[in-house]
Amino acid sequence: MAKFVTIGERLSTTAPAVNRAFTSRDPEPILKRAKEQLDAGAVYLDVNIGPAESDGEDLMKWAVQLLQSEFDNVPLALDTSNTKAIEAGISVYNRSKGKPIVNSADAAGRIENIDLAAANDAIVIALCNGEGIAKDNDERMGYCQLLLERGLEHGMEAEDLWFDPLFLVVKGMQDKQMDILECIKMFSDMGLNSTGGLSNNSNGMPKHIRPIMDSAMVAMAMMQGLTSAIVNPCDLRLMETIKSCDVFKNNTLYADSYLEI
Amino acid sequence: MPFTAKSGKFNASINTVEIGSGDKAVKIGGENVLPLYSFDAPIENAPKVGIEITDFGMDNEPDCVKKYYEGCESIADIAKKAASFEGVDFLCFRMEGGDPNGANKSTEELIGALKEVAAAVDLPIVAAGCKNAEKDAELLSKAAEALDGRNAMLLAAKEENYKTVGAAAGLAYKQIVGAESAVDINLAKQLNVLIGQLGVNSKSIVMNVGTAAAGYGFEYVVSTMDRIKAAALSQNDANLQMPIVTPVASETWSVKEAMASEADVPEWGDQEARGIDMEVETAMAVIASGSNAVILKHPTSIATITNLVKELV
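Residue numbers (the numbering used here), protein chains in the order written: chain A, 526 to 786; chain B, 446 to 758.
Pulled out of the complex, with its shape left as it was, chain B reads as follows (with noise of 0.2 Å):
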């Protein structure tokens, strides 16, 4: 007997959700196959990439990436620097000193921040609060209308917080709403609902379902990002055919394998080539395992994914 391929496409599909606005806009998600199965069905969308700045600008950055911006003098000459290199589809500004733990600064000086980086580039815009629930409701709710009519992504809502971010977001900024949940397939679909029932639209939701550096748990972020696409392919579940959204640089740069210098540990080898290594595998896993926008931090890396994705897609 002659073999038949059949093909494994899905009569399901995830939500299509534009970042952006203008020329510059992206789409992601819209595929009705398992991830990067393009032999099943064409993907409507390729993975995209983003570039993470913060609004520390350049004083907490690892060597390799400083010398990238080079005689960069403000925020605003960050981010045009970021949005100019090979590959990068959208900006995402990281709120990092807004926790009250850390730098604690103010709402309003983080936000005039915002303001320089989204006026500089015509990117589409990720605005990323501090990790603090408390804070990030009022940080991303003022960024929720300092990018008002830029449909920029707010990464994130919370299980704490889902409320008011919801509601300046999704609401009254018809923004892209990040729905944030860690490693938890259960949560990650409750907020889903959540959210919806603030009256978001659904095709306005993004997830951040987690995730961690390769080697660091790593299995559990596979795990929850296959059984998610499962769910909302073959069991078509609405509440989970939202896009994944994953901050790969803020976990992957933290990591020994990527802040060791080369000076303590001769044997592992030029520390640029780790860091690299380190954010490059755990964003190819996350986009093999679901994900169909990674958030990256170094220009090498970028373009290495992005020429990965176009072969792959």
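Chain A extracted, bound-state conformation (with noise of 0.2 Å):
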């Protein structure tokens, strides 16, 4: 098996001196939090952009030229609801080190970024959601099937679609969690690869507890199957605790400094 792939959630327009830097197009800001994020050992790095409805090619564009140029062509997601932009950002795209992942689409309004995915033969993150949260793991296997085959009706390969289960907030739907590992093991059990957004879980804890918590949900979702998430990699707890499972699941050879590697 390989390595758990995370993608670091840090370049997002939530952040407001991101917001700020993508609007007035101030390589700083972007470049350092960037930066902070490789050096602890991010794979992806998510570009989340927003709506970006005015100028979103030019904003993608700019954005994945700057950070590959900068950072040895460093695999992105592209992440935003203009599905223009995200194409004008596989345009500049430079796929040495990995295929650029779409983010995302789903069952509902955004399906069509399956085929957007498809015809730029890129990785997509299927979210297997439909109008509000799915009910259960029945209603989200009929959307994982939905999608699957939408992608392989385009040509994709199974493995370029990376199903996303959605991650509850436990403040709230406590009693959902275990259908959310649950869930992640049905894809596992047909051989899909998996993301999401972890720290969903933790949303709203007090700050000292987020990192345990996502540190615990990591380990029991990567037992179940997980096979990437869209993370903050600056949480030490959390890249710690990946690492090891990637010990314990064989994913990479043990040595006594895997902690730095």
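Calculated from the structure, these hints are not laboratory results.
Only a predicted model underlies this, so the values are computations on that prediction, with no experimental measurement involved.
Heads up, some of the hints might be wrong.
[Said to hold, decoys possible] Below, simulated SDA-like cross-link-like pairs (lysine to any residue); rule was C-alpha separation at most 25 Å, straight line:
(1) B:Lys608 / A:Leu784
(2) B:Lys648 / A:Ala565
(3) B:Lys451 / A:Leu784
(4) A:Lys774 / B:Leu632
(5) A:Lys622 / B:Ala617
(6) A:Lys774 / B:Ser519
(7) A:Lys528 / B:Ala683
(8) B:Lys755 / B:Ala733
(9) A:Lys528 / B:Gln680
(10) A:Lys560 / B:Asn646
[To be verified] Below, a sample of chain B positions facing chain A; criterion: calculated Cβ distance under 10 Å:
(11) Asn631
(12) Glu664
(13) Ser668
(14) Arg672
[Unchecked claim] Derived contacts from chain B toward chain A, CB cut-off under 8 Å, selection only:
(15) Val628
(16) Ile630
(17) Lys634
(18) Gln635
(19) Val638
(20) Ala676
Glycine is no exception: its CB is placed at the ideal position from the N, C-alpha and C atoms.
Got two chains here, each in a separate frame; can you build the complex from them with the hints?
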């Protein structure tokens, strides 16, 4: 098995500093956050430019070229609801270190992002969700089938669809947590790759609690077969947990310095 | 349905490491397939064969090796002769006499001999220590200095002395650093990490992951090499993509199958043939398991392995 793929989530317009930097095309704060995440061990970086309805194409191109030229063609997840912006980003994307990830498609309004990924030989995050939160795993697996078939019909390899069970917040949906973990196992049993916004589980918890919850969640999810997650790579506890789980899963050969590499 | 063969080549590859300088330099590694799987993709550099001589000259060698060096008077003569045999890609000078528990020769004396050897041949040089970690730290550091400009390989940095050997060989004199572990995959990886953390370029590191003569716990050697190549290629583990160099002669010429005289065990047959068999079998087995270079002693073994590799790659 391949090593767990971390997708760094810290380049997002939800952070005011990043939003300002994207708007004003200021490279410095973007590069600083990108470097922090890569130094901490992120494999992919998520580039969330928000809806970017007016200048999304120009902005995504700028961001892709900025990051790939500075960081040796770092692989990126292109994250926006503006599909033209994703296409524009892919048009300037260098895939020597990994295919671009389209973030994301779902089984409702954004299903056409599967077609977009297929047309551009990209990976797509396939969120197993329709309108509203799926009520159970029957519903989730129905969406999974639908998204998988859509991808295959358009010529994608199954391995390029990364299924997202949609991690749910513990505070409010504690009784749904095992459903999510079982859903990951179902993906895994079908030989499918999976990912998701893992830290959703700890939303609204005190800051010092979140790394603990996220680490426990990632360990349980990796046991179930999760192959990737969108995470904050600057969370040391979480990254150490992922590296340790990679050792237990025999995804990487143990060496005493395994936490440093 | 027609059968479509699928290539088993990987997206990762073993590092290519060049040893020596000038026309005689050789490259090892570079492949992106399992050992000898040339049907999956071309193997960039065929496994290479080195010849081993020691600072004892012919004193401790079996008669069947001695006879090839008749007339050699100095260590330089021996080196020249060794370099002339068919199939020899590089020359390994083992400073066996440095062992404090053995002859305990001084570093100066051994480095003097190493310089004579290096001056006598233009083949790539491998300088090997005496297996005592403390003495080797000193010996190999001086050897790195003495071989400045030759792009030589130093065997080897171990867990106990990697800082000294790595700094001298890899940083100060830009030689190739051998990283030695004894049939321990985790330590093999760890040593590469540690030597890399010293600042040594990972493309200047080769591994000796340990060996044994065939029949002497050899299945551990094979599984270690298999596991290393699998991690390097299928998991793209950059800390295990260093080529493997395996000194074979020093193992196989000390076991009873090679040492016992025909007079003592007549049922085993000719001693020279047995010694060669042990060396050839062990060498080919480690090549099939992933060694990118082997170090042998008997000229017949060297010619045999060279021809075998030529046929297979």
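Restraint outcome when B:Val628 is required to lie within 8 Å of chain A by C-beta distance: violated (14 Å)
Agreement of hint B:Gln635 with chain A interface, Cβ distance less than 8 Å: holds (4 Å)
Pair hint B:Lys608 and A:Leu784, alpha-carbon separation not exceeding 25 Å: holds (20 Å)
A:Lys774 paired with B:Ser519 [C-alpha distance capped at 25 Å]: Answer violated: A:Lys774 to B:Ser519 is near 56 Å, above 25 Å.
Interface hint for B:Ala676, Cβ within 8 Å of any Cβ on chain A: holds (5 Å)
Chain A contact restraint on B:Asn631 - CB to CB distance below 10 Å: holds (5 Å)
Proposed proximity, B:Leu632 with A:Lys774 (alpha carbon, max 25 Å): holds (19 Å)
Interface hint compliance - B:Ile630 to chain A, C-beta minimum distance less than 8 Å: With a minimum Cβ separation of about 6 Å from chain A (threshold 8 Å), the hint on B:Ile630 holds.
25 Å limit on alpha-carbon distance, applied to hinted pair A:Lys528 and B:Ala683: holds (13 Å)
Satisfaction of hint between B:Ala617 and A:Lys622, Cα-Cα up to 25 Å: violated (33 Å)
Interface hint compliance - B:Arg672 to chain A, C-beta minimum distance less than 10 Å: Holds: closest Cβ of chain A sits about 7 Å from B:Arg672, inside 10 Å.
Minimum beta-carbon distance criterion (8 Å), B:Lys634 to chain A: At 4 Å from the nearest chain A Cβ, B:Lys634 passes the 8 Å test, so the hint holds.
Of the numbered hints listed earlier, those contradicted by the structure are 3, 5, 6, 12, 13, 15.
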